[in-house]
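Chains A and B supply the protein sequences, listed in that same order. Each step along the first sequence adds one to the number in the working numbering, with nothing skipped, and position 75 is 75. Each step along the second sequence adds one to the number in the working numbering, with nothing skipped, and position 73 is 73.
Among the clues, some could well be false.
[To be verified] Every beta carbon over 12 angstroms from chain B, so not counted as near; a handful from chain A, in silico:
#	residue
1	Glu5
2	Gln14
3	Ser24
4	Asn30
5	Arg41
6	His45
7	Leu48
8	Ser73
9	Arg80
10	Thr84
11	Gly102
12	Val109
[To be verified] In silico lysine-lysine, DSSO-like type, Cα no more than 30 angstroms apart, as pairs:
#	chain 1	residue 1	chain 2	residue 2
13	A	Lys69	A	Lys26
14	A	Lys56	A	Lys70
15	B	Lys13	A	Lys69
16	A	Lys26	B	Lys57
17	A	Lys26	A	Lys70
18	A	Lys26	A	Lys56
19	A	Lys70	B	Lys57
20	B	Lys13	B	Lys57
21	A	Lys56	A	Lys69
If you are wondering where the hints come from, they were derived from the structure by calculation, not from laboratory data. The beta carbon of each residue, even a glycine, is placed where N, CA and C say it ideally should be.
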Amino acid sequence: SQQGEEDPQALSIQEGENATMNCSYKTSINNLQWYRQNSGRGLVHLILIRSNEREKHSGRLRVTLDTSKKSSSLLITASRAADTASYFCATGSNTGNQFYFGTGTSLTVIP
Amino acid sequence: KAGVTQTPRYLIKTRGQQVTLSCSPISGHRSVSWYQQTPGQGLQFLFEYFSETQRNKGNFPGRFSGRQFSNSRSEMNVSTLELGDSALYLCASSLVRGAETQYFGPGTRLLVL
């Protein structure tokens with residue numbers, strides 16, 4: 001079964017607004033990653049946060065991690081039409097390359 | 001460096017047939033993982049190969065199999081195709097096992113009629 005679940009399933013915002021999506025997971029993790037997928041294509045790695053980190057920034061992306069609540073959030077600031085995509089969280093352990101992906105949040109940024 | 005490549009990109013098969021998908025990892029990457037993506041189930045882990053050996057397997061029937069060659073290229077095979085096998089099959093590579101980041105290919109979209 002899947003490890004992570006994203007919320008909301010779909011999000012529609014105006015260009016320039018901020019977009020926040022959340023991810024909850026079930027078991028202990030080593031790290032959590034966020035990926036973006038443009039329609040029907042491969043996943044692109046966005047950012048990784050380790051279990052001992054609480055917040056991380058990369059450009060317009062800000063990720064937080066709360067291991068006590070088993071949840072993470074991804075904030076995209078000043079969104080652009082090109083940010084339109086599906087966003088997935090993935091949790092990884094240190095026992096190999098088996099990553100567990102959530103069901104994704106579909107983000108639409110309206111120009 | 002070239003990214004992960006997958007062939008073919010699109011495939012149409014009929015029920016009962018078998019299919020082989022190919023994945024070439026990033027040069028120097030030795031670990032290859034396969035995922036199935038469907039609208040209903042999302043991304044599900046199929047298996048992982050490292051040094052030509054399957055190291056990890058997801059919860060899929062035995063009709064799904066794979067292998068890895070000495071140059072780290074990997075193939076996955078699905079026998080006796082079912083309608084529910086229609087999906088986007090994604091391959092991801094990483095330098096070593098347990099690497100924090102996987103790099104994904106564009107996927108092979110399989111349609112089973």
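Discussion item. Hinted pair, alpha-carbon criterion (30 angstroms max): lysine 70/A, lysine 57/B. Please report holds or violated.
Written reply: 25 angstroms, holds
Worksheet item: Does the structure keep lysine 26/A and lysine 70/A at a Cα separation of 30 angstroms or less?
Response: At roughly 7 angstroms apart (the allowed maximum being 30 angstroms), lysine 70/A and lysine 26/A satisfy the hint.
Worksheet item: Given the hint that lysine 13/B pairs with lysine 57/B, does the C-alpha gap stay at or below 30 angstroms?
Response: 25 angstroms, holds
Fill in: threonine 84/A and chain B, when compared Cβ to Cβ, separated by more than 12 angstroms
Threonine 84/A is indeed farther than 12 angstroms from all Cβ atoms of chain B, at 18 angstroms.
Fill in: 30 angstroms Cα cutoff - pair lysine 26/A, lysine 56/A
Holds: lysine 26/A and lysine 56/A sit about 21 angstroms apart, inside 30 angstroms.
Discussion item. For a C-alpha distance cap of 30 angstroms, please report whether lysine 13/B and lysine 69/A respect it.
Written reply: Not satisfied, since the Cα-Cα distance of roughly 44 angstroms exceeds 30 angstroms.
Worksheet item: Should the label of serine 73/A as a non-interface residue stand, given a Cβ cut-off of 12 angstroms to chain B?
Response: Serine 73/A clear of chain B: closest Cβ-Cβ about 19 angstroms, beyond 12 angstroms.
Fill in: Status of the stated non-contact between arginine 80/A and chain B (beta carbon gap over 12 angstroms)
Holds, since 22 angstroms exceeds 12 angstroms.
Worksheet item: Is lysine 26/A close enough to lysine 57/B, meaning Cα to Cα at most 30 angstroms?
Response: Holds, because 20 angstroms separates the two Cα atoms, which is no more than 30 angstroms.
Worksheet entry | Non-interface claim for histidine 45/A, where every Cβ of chain B lies beyond 12 angstroms | 5 angstroms, violated
Worksheet item: Can the restraint linking lysine 56/A and lysine 70/A be considered satisfied, given a maximum Cα separation of 30 angstroms?
Response: The hint holds at about 16 angstroms.
Fill in: Check on asparagine 30/A being off the interface with chain B, judged by Cβ distance over 12 angstroms
With a cut-off of 12 angstroms, asparagine 30/A comes too close to chain B, as the shortest Cβ separation is near 8 angstroms.
The structure is inconsistent with the numbered hints 1, 4, 5, 6, 7, 11 and 15, although it conforms to all the rest.
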